[in-house]
Amino acid sequence: MSRTPPTVSVLPTRGLVDEKFKVLVENLPPGRPVTVRSLHRSEDDHYWEAFGFYTSDHRGTVNVSKDQSVGGTYTGKEPMGLLWSMCPVPGSRKGLRLRKLNVCSPMLVNISVHSGHEGFRDQAPLASVLIERWYMAPGVKRIDVRERGLQGTLFLPPGPGPFPGILDLWGGGGGLVEYRSALLASHGFATMSLDYLSCGQPVFTYAETAFNFIKDHPQVVADRVGIVALCIGSLPALYLATDSTVVKPRCTVCISCFATFPNDRVVAGSFEELTSISGNVPVDENNHEMWRDVGLEMMSGCPKKVNTGKLTSPLLLVSGCDDQNWPSIETAEDITQTMRAAGNDHLLSRLDYPDTGHLIEPPFSPHFRSTKFVTADKRKMMILWGGQTKPHSDAQEDSWKKILSFLQQHLCSSLNAKL
Amino acid sequence: MDKEQRCVSLSVHPSRGLMDEKFIVLVQKVLPGFQLTIHASYHCEDGNSWEAFAHYTADASGTVNVSQDTSVGGTYCGVEAMGLLWSLRPVPGSKPGLRLRKKNVQTPMEVTISVYQGHQTEGFVDQVPLASVLVERWYMAPGVRRIPVTEDGLTATLFLPAGPGPFPGILDLWGGGGQLVEYRAALLASHGFASLVLDYLTSKITMETGKMVDNQYFETAYRVLQQHPQILGSRIAMLGLSLGTSITFRMAVYSQVIKLRCVVCIGGSHVQPIDGSVKEILTFVSLNGSKVRFSEKNEMIWRDLLLPITTDPSFKVDMGRFQCPLMLVVGEDDQSWAAYDSAMDMKEMMERAGNSHLLTILSYPKTGHLIEPPYTPHFRASIFRKVGTREKFMVLWGGQTVEHSRAQEDAWKKILVFLRENLYGGTNPGATLLSHL
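Chain order of the listed sequences is D and G.
Note that the numbering used here numbers the first sequence so that position 122 is 122, with each residue one more than the last.
Note that the numbering used here numbers the second sequence so that position 159 is 159, with each residue one more than the last.
Warning: the hint list may mix true and false statements.
If the Cβ cut is set under 7 Å, some of the chain G residues that face chain D in the computed set are [stated by the list, open to error]: (1) Pro14; (2) Gly123; (3) Phe124; (4) Val128; (5) Leu134; (6) Ala141; (7) Pro142; (8) Gly143; (9) Arg420.
DSS-like mimics (lysine-lysine), calculated; alpha carbons at most 27 Å apart, straight line [stated by the list, open to error]: (10) D:Lys141 <-> G:Lys22; (11) D:Lys141 <-> G:Lys102; (12) D:Lys22 <-> G:Lys413.
If you are wondering where the hints come from, they were derived from the structure by calculation, not from laboratory data.
Just so we're clear, the structure is a prediction, and the values are computed from it rather than from any experiment.
Beta carbons: idealized from backbone N, C-alpha and C, even for Gly.
Could you put together the complete structure from these sequences and hints?
So this is what it looks like as structure tokens:
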């Protein structure tokens, strides 16, 4: 028998994190059951894998973009299942979350093909290939920002510019989370992510300073700066879009929106106590904290809210119907009522996703229904985010496309050329 | 700045590709019928700048797709998906005779692709483009490892594909310029072949002792491949270009140590003294120095040094003794080596000996001597420094850019298929051969 051995190829071998790839297995005997598997070693030294069970066709080929997986961590026709259905390998700790902190280097994923549908972890693969997934497109520049008292990271797209700008605000986990900003810059937006939870000053003023920093940057179009926010980041985002007299965002995106002020200190922009609420949070049958109930209670007591009736620029709300961390659908509903009553709801767009949880991230990143979390008094809790893997992953893919389109529509339009 | 300009969308997929991979360059969101120039710019390691450009007109949907649309002017014309790379040329004002070769293969070649308004031919540096992206072109696929080899007096670099192996091996020899030219071996490793590129003219030993290496040097290199724990000793090939071809023929036929599964020879000849080694080949060639000609531009033409092909068997490798598949790649406009004539002579020898079923000849019209991996620029002539002297000459390699670039693309595809079939295919009971293509 004179035949070349099986091969697995992935195109592209070096892609952006939100780019699709094609995985092709060839030179198998026809009708052969095989497992296609991905394996990734994270920065914090955990192993993540995904796998699908396939059968080669009459030409001895498996095409992951076209063929059906009949089992594994994903089923059906799923071109990107090898990434979004990743979970920690058996024997791993519970409650892990996959997030890349160093966005200057790529995520390395090994894609391999194994004989049969069982016991593949103990076998040498028939073929394998290493691929890279990048957060930064070629030429994107990463710049530490420490001016004006800010603690942020600015990502500039390649080229002469000037570029539209984005202020990127994460949620209650704190820290400087860079990967979404890096990706947005790869799509042509000068984007800054900001660590606002530990800034030690009123958050709203701090966010205004950050917004102005972007706007004043020589490579940014001053009247084309928007905001993208997740969860608690929605509060400063919406404040800047409604009440700020200092800045005027051109558009705002709030993912898993948070529009209620839990207490007067937050109204004033002081967030220190917010994260200390943990410890008094109801838990589910798995002992996972359900912050959603905290939020519902907060919303039911006639709290102070951001007044979205005052919005004069477009707002996109992205919510998961199974958000167990915050009542984002209820918040979105509430904002809709407010804006309808104020007559500015033509500015509002909503994306509500069924069976989708709180952490709506860039596409193809794995979904976690709950993950580990350390409270202010050092207790290890599990926090429930919600969502079912397949619908949540679909939501990530769909919402990202629509978020980019929304941002392009409002920040890249041809009106008002910069002089 | 005009208000339309800021929305122009320019994308290249993939933005990070291998050097021999195609890409798709797409311009969108311009007005239908808009005239534009797509420009490629590259600053190479030696400080020189290269550029290519092409003139397009956007279609009714405001789009230009370089893979499908026609360039009506510039450094290339017609529908040429990769023209922005293979038609790169030194910017105006550059020194003559430049050659584009990347020394450091661990970093990508970074090419800036930009869009300018209108059909322009110069002054790009002084203008602001409508849009611009950076594209990376890599010689090493993810996971390929680069390992310097200095044992046993060798000056070499080994490139191992990603994965545990084992892999078939290739011994890679370049030509008379010497040095350690790594990019082809790196690319071959990216295609699943453990590749060892060998410096045999300016090796450390030669530089220190002044003596040329002998045949044992190549056998030592072969042994390094054969004995490597991640390389299959029974599946080793040799690939030679130019002078490297001469060495390859000699080793393939006469060495008792080197047993090859297949051979690829580009732009070379079997004409050489069959005794001795590198020194004897070089001496032989220079003995015919009076046959060097010059073009009207004063470029050296070495082609005639081996012509006419001798009938004396002590000056030709006995091709009738070849025992493995052989692929010859020749440019019909090769002005540096009489490669085509040699190929015809080899074919005749093998037909007479009854082993011509092993021979495949790829012969390309209007193609010159330097048949390299695809999508790198073609140069009809360039400055060349002969090993051992301080002298530099302008050497004529030959070839017309369009045909030569097509030949590079076609030859590389066929070379890879040939290597794959011979090194990965065939029966081999007992060997657990893992594929890493």
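We went through each hint and held it up to the structure:
Because the smallest distance between the Cβ of proline 14 (chain G) and any Cβ of chain D comes to about 4 Å, under 7 Å, the interface hint for this residue holds. A distance limit of 7 Å between C-beta atoms decides the matter here; for glycine 123 (chain G) the minimum to chain D is near 15 Å, and the interface restraint is violated. Look at phenylalanine 124 (chain G): its Cβ only gets to about 12 Å from chain D, farther than 7 Å, so that hint breaks. Look at valine 128 (chain G): its Cβ gets to within about 5 Å of chain D, closer than 7 Å, so that hint holds up.
With 7 Å as the threshold, the beta carbon of leucine 134 (chain G) comes within range of chain D, its nearest partner Cβ sitting at about 3 Å, so the hint holds. Proximity of alanine 141 (chain G) to chain D holds as hinted, the smallest CB-CB distance being about 6 Å (cut-off 7 Å). A cut of 7 Å between beta carbons decides the hint on proline 142 (chain G): the least distance to chain D is about 4 Å, and the hint holds. Checking glycine 143 (chain G) against chain D: minimum C-beta separation of about 4 Å stays under 7 Å; hint holds.
Annotation: interface hint on arginine 420 (chain G) holds; nearest CB of chain D at approximately 6 Å, less than 7 Å. The suggested pairing of lysine 141 (chain D) with lysine 22 (chain G) holds, with an alpha-carbon distance near 26 Å, which does not exceed 27 Å. Taken as a hint, the lysine 141 (chain D) and lysine 102 (chain G) pair is honoured in the structure, with Cα atoms around 24 Å apart against an allowance of 27 Å. Of the pairs offered as hints, the one joining lysine 22 (chain D) and lysine 413 (chain G) holds, with about 21 Å between alpha carbons and a cut-off of 27 Å not exceeded.
Hint compliance for this structure: hints 2 and 3 are not met, and every other hint is.
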